[in-house]
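The listed protein sequences correspond, in order, to chains S and P. Under numbering that gives the first Met the number 0, the residue at position 37 of the first sequence is numbered 36, and the numbers go up by one with no gaps. Under numbering that gives the first Met the number 0, the residue at position 136 of the second sequence is numbered 135, and the numbers go up by one with no gaps.
Treat the hints with care, since some could be wrong.
Unchecked claim - Under the rule of at most 35 Å between Cα atoms (straight-line distance), these lysine-lysine pairs were calculated in the DSBU-like manner:
#, chain 1, residue 1, chain 2, residue 2
1, P, Lys235, P, Lys205
2, S, Lys260, P, Lys67
3, P, Lys293, S, Lys105
4, P, Lys205, S, Lys44
5, S, Lys260, P, Lys265
6, P, Lys198, S, Lys238
7, P, Lys265, P, Lys235
8, P, Lys67, S, Lys143
9, P, Lys293, S, Lys44
10, S, Lys143, P, Lys267
11, S, Lys260, P, Lys235
12, S, Lys260, S, Lys61
Bear in mind the hints are in silico, worked out from the structure with no lab data behind them. What you are looking at is a predicted structure, and each value in this text was computed from that prediction instead of being measured.
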Amino acid sequence: MPGTRAFLRRWARHNWQLYALALPSLACVLLFSYAPMYGVLLAFKNFNPRVGIMGSQWVGMKYFRQFFSTSIVWTTIKNTVILSLYSLVASFPVPIIFALLLNQVKRGKRFIQTITYAPNFISTVVLVSMIVLFLAPSSGFLTKALLSMGMRDALVLVRPEYFRTLYIVSGIWQSMGFSAILYIAALTGVNPELHESAMIDGADIVRRIWHIDIPAILPTIVIMLILAIGGILSVGYEKVYLMQNGMNLSVSEVISTYVFKTGIQNAQYSFATAVGIFNSVVNLLLLVAANSAARRAAQTSLF
Amino acid sequence: MNTSVRAVTRRRHPMRMGASDRAFTICNTALMAAVTLLILYPLYYIVVASISDPSSVAGGDLLLFPPKWFFEGYATAFGYAPLLSGYRNSLVYTALGTAINLILTMPGAYALSRRDMGGRGAVMFVFTFTMFFSGGMIPLYLLLRGLRLTNTIWVMVLPGGVSVYNLIVVRTFFMSAISQELLDAARIDGSSDFGFFFKIALPLAKTIIAVMVVFYAVGHWNSYFNAIMYLNDRSKMPLQAVLRDLLILNTITTDMRVNPAEAAEKMKRADQLKYCVIILASLPVMVLYPFAQKFFTQGVMIGSLKG
């Protein structure tokens with residue numbers, strides 16, 4: 000049809016330059032994010048590197064069944080869920096409280112911000128090294144402080160029961176300040192007249208925080224919460240992996256570190272891909288569920 | 000008369016507080032001071048430990064000031080070859096990686112900021128979908144190996160070429176900073192989309208370019224996991240991977256055949272050396288931090304405008 004062709008020609012004339020500008024980034028995403036999605040087929044095949052993914056033989060759900068029949072499956076799922084839930088419950092409110100309190104500081108606000116943002120720029124490797132050095136049994140200053148406060152021995156680093164606390168506390172230390180930025184920004188947008196008229200009505204600071212500040216940042220809180228729930232099974236494996244040692248594996252082996260070890264270190268590609276898919280699918284479901292719950296409860300949602 | 004005077008004084012001192020507010024302010028100030036100290040002290044301790052003598056670091060005598068100065072740790076660190084090559088590699092990966100990031104992100108974000116781009120919604124979906132779902136670690140690894148990228152410099156800079164989050168931040172910036180009138184005016188002057196992007200949009204985007212340089216560069220400098228996944232040669236390892244060997248896996252070798260006292264002394268030195276290494280590794284980021292802080296904050300705020 001000549002009409003269609005004319006339309007297409009006009010469309011192309013209007014858009015080709017914009018698409019040319021978008022092409023490099025689009026190509027990058029298609030190659031490194033979408034092409035691997037095709038590799039998901041690996042999980043359902045018995046991968047043979049010589050014939051590639053297409054040529055390999057279909058085995059259906061074999062590797063998923065294999066994963067769910069091992070004893071490690073429940074350990075890794077449990078460790079992942081517990082570590083994420085604990086971090087969510089313990090870490091999520093901290094930046095919010097910090098922002099609300101910082102907002103009440105009259106002098107030195109900028110200084111406090113500069114100091115508290117700084118740990119965010121430290122690499123994971125350095126953070127974990129700091130944990131290892133500070134908690135070293137004989138020379139660590141934190142070990143000494145904890146011993147003097149009545150801890151029974153100096154083996155914090157290798158005792159599995161301390162792993163989660165260490166992971167979470169160091170995480171709060173590193174990211175509390177920086178995660179608070181969004182809330183601090185939302186709080187500066189609060190109309191000062193609201194506070195003034197509340198003060199005239201005799202409301203004290205605590206009441207004003209409760210009735211003015213918290214409602215003002217609630218939409219931000221909900222969005223951040225949805226994102227946090229969506230990432231519940233994707234714990235920061237880079238940090239977990241670094242914090243692992245022979246003694247704490249019973250609590251520190253999470254799904255993604257397990258995928259890395261079986262897949263890349265032991266070359267069980269199909270099996271590790273299956274485990275990885277399980278992880279991504281559960282993540283996606285959690286995100287969608289959290290999003291729809293938030294839409295119903297707070298009329299705020301991500302998509 | 001009396002009441003109006005009171006009203007004036009009240010307006011002049013709107014901060015006159017009741018007892019509960021005064022108590023709150025005192026507690027809050029104390030808490031904020033405590034939090035700031037808790038965050039600052041570990042950072043301070045590393046700096047001081049890196050210039051204190053090994054025995055006092057190992058013995059825990061160090062609290063605020065070095066009991067005895069000691070600078071040999073730094074001398075040793077500078078002489079450690081893997082550290083130097085790691086430093087060099089990290090500089091190369093960071094510079095090249097950040098350049099590629101910008102070349103990919105800026106034009107893509109500009110195109111997607113244009114409301115008149117045909118099929119914009121679909122293209123946007125192609126990008127955002129990757130934030131929520133991925134093929135996973137193993138398929139990506141096999142792809143990179145199949146492309147013969149593993150164990151080359153390219154594997155460190157290409158796969159993360161575009162961060163979709165950053166792309167959205169830049170797109171939001173373009174949408175709010177460049178008006179339709181500006182584009183219309185340029186069009187009347189005969190400007191093409193290419194011309195407009197390179198001659199007008201890009202020069203107006205200096206702030207966001209700075210934000211992106213900081214975001215991407217710190218990311219490259221601090222990353223280690225890609226290196227241990229995709230690289231084999233020790234000579235190609237970036238700084239963070241070298242640090243991991245040195246600091247966490249403890250590969251500073253201490254020769255145990257020497258007498259025990261000497262070995263203990265060496266252990267202490269090795270421990271003290273770690274503090275120097277941490278400082279050297281964090282130096283570039285920490286030197287830039289006071290300047291970069293502003294950009295980071297801006298980036299986070301623009302990103303929150305609505306992705």
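Structure-based check of all given hints:
With a CA separation close to 33 Å, the supplied pair lysine 235 of chain P and lysine 205 of chain P stays within the 35 Å bound. For the proposed pair lysine 260 of chain S and lysine 67 of chain P, the alpha carbon gap of about 44 Å is over 35 Å, so the pair is violated. Of the supplied pair hints, the one linking lysine 293 of chain P and lysine 105 of chain S holds, its CA atoms being roughly 20 Å apart against a limit of 35 Å. Distance restraint check for lysine 205 of chain P and lysine 44 of chain S: the Cα-Cα separation of roughly 49 Å exceeds the 35 Å cut-off, and the hinted pair is therefore not satisfied.
A distance of roughly 34 Å separates the Cα atoms of lysine 260 of chain S and lysine 265 of chain P; the hinted pair therefore holds under the 35 Å criterion. Restraint check: the Cα-Cα separation between lysine 198 of chain P and lysine 238 of chain S comes to about 43 Å, which exceeds 35 Å; the hinted pair is violated. For the proposed pair lysine 265 of chain P and lysine 235 of chain P, the alpha carbon gap of about 28 Å is at most 35 Å, so the pair holds. Taking the CA atoms of lysine 67 of chain P and lysine 143 of chain S, the gap is near 20 Å; set against the 35 Å cutoff, the hint holds.
Taken as a hint, the lysine 293 of chain P and lysine 44 of chain S pair is broken in the structure, with Cα atoms around 50 Å apart against an allowance of 35 Å. For the proposed pair lysine 143 of chain S and lysine 267 of chain P, the alpha carbon gap of about 17 Å is at most 35 Å, so the pair holds. Proximity of lysine 260 of chain S to lysine 235 of chain P is assessed by CA-CA distance (about 22 Å); at most 35 Å being required, the pair is judged to hold. For the proposed pair lysine 260 of chain S and lysine 61 of chain S, the alpha carbon gap of about 20 Å is at most 35 Å, so the pair holds.
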